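Going down the list, the sequences are from chains A and B.
Residues 1 to 111, numbered by our numbering, are exactly what the first sequence covers, in order.
Residues 1 to 116, numbered by our numbering, are exactly what the second sequence covers, in order.
Keep in mind that the hints were calculated from the coordinates and are not lab data.
Treat the numbers as computed from the prediction; the structure is a model and nothing was measured.
For each residue, glycine too, the CB sits at the ideal point set by N, CA and C.
A couple of the hints might just be wrong.
Stated by the list, open to error - Have a look at the derived ranges for each label pair, beta carbon to beta carbon:
id, chain 1, residue 1, chain 2, residue 2, range
1, A, 11, B, 103, 28 to 38 Å
2, B, 103, A, 56, 32 to 42 Å
3, A, 111, B, 52, 38 to 48 Å
4, A, 59, B, 99, 19 to 29 Å
5, B, 54, A, 45, 22 to 32 Å
6, A, 28, B, 39, 42 to 52 Å
Said to hold, decoys possible - Capping the alpha-carbon separation at 27 Å, the derived lysine-lysine pairs in DSSO-like fashion look like this:
id, chain 1, residue 1, chain 2, residue 2
7, A, 52, A, 98
8, B, 64, A, 103
9, A, 98, A, 69
10, A, 69, A, 103
11, A, 52, A, 103
12, B, 41, A, 98
13, A, 98, A, 3
14, B, 41, B, 66
15, B, 64, A, 98
16, B, 66, B, 20
17, B, 41, B, 14
18, B, 41, B, 64
19, B, 66, B, 14
20, B, 14, B, 64
21, A, 69, A, 52
22, A, 103, B, 41
23, B, 41, B, 55
24, A, 103, B, 14
25, B, 20, B, 41
26, A, 98, B, 14
27, A, 3, B, 41
28, B, 20, B, 64
29, B, 66, A, 98
30, A, 52, A, 3
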Amino acid sequence: DAKTTQPPSMDCAEGRAANLPCNHSTISGNEYVYWYRQIHSQGPQYIIHGLKNNETNEMASLIITEDRKSSTLILPHATLRDTAVYYCIVKSGGSNYKLTFGKGTLLTVNP
Amino acid sequence: GAVVSQHPSRVICKSGTSVKIECRSLDFQATTMFWYRQFPKQSLMLMATSNEGSKATYEQGVEKDKFLINHASLTLSTLTVTSAHPEDSSFYICSAREVTAGNTIYFGEGSWLTVV
Numbered sequence: 001d002a003k004t005t006q007p008p009s010m011d012c013a014e015g016r017a018a019n020l021p022c023n024h025s026t027i028s029g030n031e032y033v034y035w036y037r038q039i040h041s042q043g044p045q046y047i048i049h050g051l052k053n054n055e056t057n058e059m060a061s062l063i064i065t066e067d068r069k070s071s072t073l074i075l076p077h078a079t080l081r082d083t084a085v086y087y088c089i090v091k092s093g094g095s096n097y098k099l100t101f102g103k104g105t106l107l108t109v110n111p
Numbered sequence: 001g002a003v004v005s006q007h008p009s010r011v012i013c014k015s016g017t018s019v020k021i022e023c024r025s026l027d028f029q030a031t032t033m034f035w036y037r038q039f040p041k042q043s044l045m046l047m048a049t050s051n052e053g054s055k056a057t058y059e060q061g062v063e064k065d066k067f068l069i070n071h072a073s074l075t076l077s078t079l080t081v082t083s084a085h086p087e088d089s090s091f092y093i094c095s096a097r098e099v100t101a102g103n104t105i106y107f108g109e110g111s112w113l114t115v116v
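Next comes chain A alone, as it looks inside the complex (with noise of 0.2 Å):
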């Protein structure tokens, strides 16, 4: 599975969009990009994935660029509750559904 670059950390504002990028340039073609968040003592929760098109649901959106070499994943309006540190996973689709965690994104968001 391609590996995956992000930040350390970053900080977002109450209220305003936190824009998390993360950098995939050895992705291949059938590889998807999950994003993963961990709050505190607590176990990794689902946030989104996507292959080629941008994705959308209820806790965030997920922008793929054209050439798939990175992304961004975007919490409209951050809350308090969305500090975490946030993954950026990239693997295939095929039989091997491991999922590999880097050190991801300490997000903290501030009031």
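Given chain A, put chain B in place with the hints provided.
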């Protein structure tokens, strides 16, 4: 999203004893479950992949005789830490693959193990 539940959420055991952690998929059947371990301020490390009705596949460096994994049904996988030592104290997290949701992986709440 789908719900994965772990039990117990916290457990303290004496050194040398064994402790079992359960992972259940509550509203879907999971043919594949995964077990992770996470030490403080570190990322999740995959320990093993558990397939229903077959032996678990362990990641390199994980002792299969120490971390026994059983996946006897489509909704339950268990991790047993045998002969626990203080260095096994960690946050153990399971996850399960939801086939009907495009193979999305959902995680349990995690289980804190403290070996004293």
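Quick rundown of the hints versus the structure:
1. A:11 <-> B:103: 28 to 38 Å: holds, 34 Å
2. B:103 <-> A:56: 32 to 42 Å: Check failed, 20 Å falls outside 32 to 42 Å.
3. A:111 <-> B:52: 38 to 48 Å: Since the Cβ atoms of residue 111 of chain A and residue 52 of chain B sit about 46 Å apart, the hinted range of 38 to 48 Å holds.
4. A:59 <-> B:99: 19 to 29 Å: holds, 22 Å
5. B:54 <-> A:45: 22 to 32 Å: Since the Cβ atoms of residue 54 of chain B and residue 45 of chain A sit about 29 Å apart, the hinted range of 22 to 32 Å holds.
6. A:28 <-> B:39: 42 to 52 Å: violated, 31 Å
7. A:52 <-> A:98: holds, 21 Å
8. B:64 <-> A:103: holds, 26 Å
9. A:98 <-> A:69: Between residue 98 of chain A and residue 69 of chain A the Cα gap is close to 21 Å, so the pair holds against 27 Å.
10. A:69 <-> A:103: Roughly 19 Å separates the two Cα atoms, so the pair holds.
11. A:52 <-> A:103: Holds, at roughly 24 Å.
12. B:41 <-> A:98: OK: residue 41 of chain B and residue 98 of chain A at ~22 Å, within 27 Å.
13. A:98 <-> A:3: holds, 14 Å
14. B:41 <-> B:66: Holds: residue 41 of chain B and residue 66 of chain B sit about 24 Å apart, inside 27 Å.
15. B:64 <-> A:98: holds, 18 Å
16. B:66 <-> B:20: Since the Cα atoms of residue 66 of chain B and residue 20 of chain B sit roughly 12 Å apart, the hinted pair holds (cutoff 27 Å).
17. B:41 <-> B:14: holds, 24 Å
18. B:41 <-> B:64: This hinted pair holds, its Cα atoms lying about 25 Å apart.
19. B:66 <-> B:14: Satisfied, since the Cα-Cα distance of roughly 15 Å is no more than 27 Å.
20. B:14 <-> B:64: holds, 21 Å
21. A:69 <-> A:52: holds, 11 Å
22. A:103 <-> B:41: holds, 9 Å
23. B:41 <-> B:55: violated, 31 Å
24. A:103 <-> B:14: violated, 32 Å
25. B:20 <-> B:41: holds, 24 Å
26. A:98 <-> B:14: Violated, at about 32 Å.
27. A:3 <-> B:41: holds, 21 Å
28. B:20 <-> B:64: holds, 14 Å
29. B:66 <-> A:98: holds, 21 Å
30. A:52 <-> A:3: holds, 17 Å
The earlier numbered hints that this structure contradicts are 2, 6, 23, 24 and 26.
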